[in-house]
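*Asks:* My request is simple: use the sequences and hints to build the entire structure.
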Amino acid sequence: EAGVAQSPRYKIIEKRQSVAFWCNPISGHATLYWYQQILGQGPKLLIQFQNNGVVDDSQLPKDRFSAERLKGVDSTLKIQPAKLEDSAVYLCASSLRQGWGGYTFGSGTRLTVV
Amino acid sequence: DQQVKQNSPSLSVQEGRISILNCDYTNSMFDYFLWYKKYPAEGPTFLISISSIKDKNEDGRFTVFLNKSAKHLSLHIVPSQPGDSAVYFCAYGGQNFVFGPGTRLSVLP
Numbered sequence: 001e002a003g004v005a006q007s008p009r010y011k012i013i014e015k016r017q018s019v020a021f022w023c024n025p026i027s028g029h030a031t032l033y034w035y036q037q038i039l040g041q042g043p044k045l046l047i048q049f050q051n052n053g054v055v056d057d058s059q060l061p062k063d064r065f066s067a068e069r070l071k072g073v074d075s076t077l078k079i080q081p082a083k084l085e086d087s088a089v090y091l092c093a094s095s096l097r098q099g100w101g102g103y104t105f106g107s108g109t110r111l112t113v114v
Numbered sequence: 001d002q003q004v005k006q007n008s009p010s011l012s013v014q015e016g017r018i019s020i021l022n023c024d025y026t027n028s029m030f031d032y033f034l035w036y037k038k039y040p041a042e043g044p045t046f047l048i049s050i051s052s053i054k055d056k057n058e059d060g061r062f063t064v065f066l067n068k069s070a071k072h073l074s075l076h077i078v079p080s081q082p083g084d085s086a087v088y089f090c091a092y093g094g095q096n097f098v099f100g101p102g103t104r105l106s107v108l109p
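As given, the protein sequences belong to chains A and B, one line each in that order.
Each residue of the first sequence is one higher than the one before, starting from 1 at the first, in our numbering.
Each residue of the second sequence is one higher than the one before, starting from 1 at the first, in our numbering.
Hints are computed from structural coordinates only; laboratory data are not their basis.
Quick caveat: nothing in here was measured; it's all calculated off a predicted structure.
There's no promise every hint is true.
[Stated by the list, open to error] DMTMM-like mimics (lysine to aspartate or glutamate), calculated; alpha carbons at most 25 Å apart, straight line:
hint : chain 1 : residue 1 : chain 2 : residue 2
1    : A       : LYS78     : B       : ASP84
2    : B       : LYS5      : B       : ASP31
3    : B       : LYS5      : A       : ASP86
4    : B       : LYS5      : A       : GLU85
5    : A       : LYS44     : B       : ASP24
6    : A       : LYS83     : A       : GLU14
7    : B       : LYS71     : B       : GLU15
8    : A       : LYS78     : A       : ASP63
9    : B       : LYS71     : B       : ASP55
10   : B       : LYS5      : B       : ASP59
11   : B       : LYS5      : A       : ASP57
12   : A       : LYS78     : B       : ASP31
13   : A       : LYS44     : B       : ASP84
14   : B       : LYS5      : A       : ASP74
15   : A       : LYS44     : B       : GLU15
16   : A       : LYS71     : A       : GLU14
17   : A       : LYS44     : A       : ASP86
18   : A       : LYS44     : A       : ASP74
19   : A       : LYS71     : A       : GLU85
20   : B       : LYS54     : B       : GLU42
21   : A       : LYS11     : B       : GLU42
[As the list claims (entries may be wrong)] A short, non-exhaustive set of chain A residues, derived as facing chain B with CB atoms under 7 Å:
hint : residue
22   : GLY42
23   : ASP56
24   : LEU60
Virtual Cβ for every residue (Gly too), placed ideally from N, Cα, C.
*Replies:* Pasting the structure below:
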């Protein structure tokens with residue numbers, strides 16, 4: 001079984017620029033999550049999708065972050081404009097169903113904003 | 001408002017001995033408690049879970065204990081192996097999960 005694919009692995013941008021991350025979940029996994037992990041902290045949920053609908057985006061800074069999951073499969077997370085404090089690893093995860101924490105995480109995208 | 005605390009940022013243990021990682025939480029409303037393990041440059045990997053209706057769950061060398069009255073979760077690894085060296089996150093939730101800040105475990109040969 002292929003894992004959760006994320007790209008790019010690394011990205012360096014200047015503040016106020018925009019950036020996009022891509023995630024391809026495990027085939028058949030209806031639930032997809034984007035987490036932000038700042039250095040020294042645990043992953044923090046940004047948004048949760050069930051198929052192509054948003055279940056929880058309460059912690060997504062909507063003035064600058066957006067996410068979509070077209071056709072209930074791949075997902076993209078965008079930041080526009082980026083701030084220095086957005087420097088973090090952005091992790092995508094998927095699971096077969098909601099309410100089950102045994103996610104499969106991707107390797108993440110490490111974003112550095114300079 | 002941090003809902004999940006892992007008060008030990010790091011822990012060193014001799015190979016073959018027991019590793020005990022601890023986690024405290026504030027909200028009693030959730031259904032599942034989990035432990036994840038993370039190696040550098042990789043995403044976290046699910047390790048073991050426990051339902052809120054149980055107080056113990058075992059899987060090979062890994063045992064998770066839940067003390068609901070103390071709002072405390074612990075992970076025991078026996079015997080510890082060098083390959084267990086990683087960052088361990090506890091998490092809890094229902095529809096989605098809140099993660100602690102992690103404890104870095106070093107198992108010394």
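*Asks:* So if I understand the rule, the pair passes when the alpha-carbon distance is 25 Å or less; does A:LYS71 with A:GLU85 pass?
*Replies:* Cα-Cα ~31 Å, so violated.
*Asks:* Take a quick look at whether B:LYS71 and B:GLU15 sit within 25 Å of each other, Cα to Cα.
*Replies:* The hint is violated at about 29 Å.
*Asks:* Would you check the hint for A:LYS78 and A:ASP63, treating anything up to 25 Å between C-alpha atoms as holding?
*Replies:* Since the Cα atoms of A:LYS78 and A:ASP63 sit roughly 11 Å apart, the hinted pair holds (cutoff 25 Å).
*Asks:* Given A:ASP56 was flagged as interface, is its beta-carbon under 7 Å from a beta-carbon of chain B?
*Replies:* This interface hint holds because 6 Å falls under the 7 Å limit.
*Asks:* Tell me if the straight-line CA distance from B:LYS5 to A:GLU85 falls inside 25 Å.
*Replies:* holds, 22 Å
*Asks:* Does A:LEU60 meet its interface restraint, that is, does its C-beta lie within less than 7 Å of any C-beta in chain B?
*Replies:* Violated, because the Cβ-Cβ distance from A:LEU60 to chain B comes to roughly 12 Å (cut-off 7 Å).
*Asks:* Check the hint pairing A:LYS78 with B:ASP31 against an upper bound of 25 Å on the C-alpha distance.
*Replies:* Distance of about 31 Å is beyond 25 Å: violated.
*Asks:* Would you check the hint for B:LYS71 and B:ASP55, treating anything up to 25 Å between C-alpha atoms as holding?
*Replies:* Measuring from Cα to Cα gives roughly 11 Å; hence the hint holds.
*Asks:* Would the pair A:LYS44 and B:GLU15 pass a check requiring their Cα atoms to be no farther apart than 25 Å?
*Replies:* With Cα atoms ~32 Å apart, A:LYS44 and B:GLU15 exceed 25 Å; violated.
*Asks:* Check whether the Cα positions of A:LYS44 and A:ASP74 lie no farther apart than 25 Å.
*Replies:* holds, 20 Å
*Asks:* Checking one constraint from the list: CA of B:LYS5 to CA of A:ASP74, max 25 Å. Satisfied?
*Replies:* The given pair, whose Cα atoms are some 33 Å apart, is violated under the 25 Å limit.
*Asks:* For a C-alpha distance cap of 25 Å, please report whether A:LYS78 and B:ASP84 respect it.
*Replies:* violated, 35 Å
The structure fails to meet hints 1, 7, 12, 14, 15, 16, 19, 20 and 24 from the earlier list, while all remaining hints are met.
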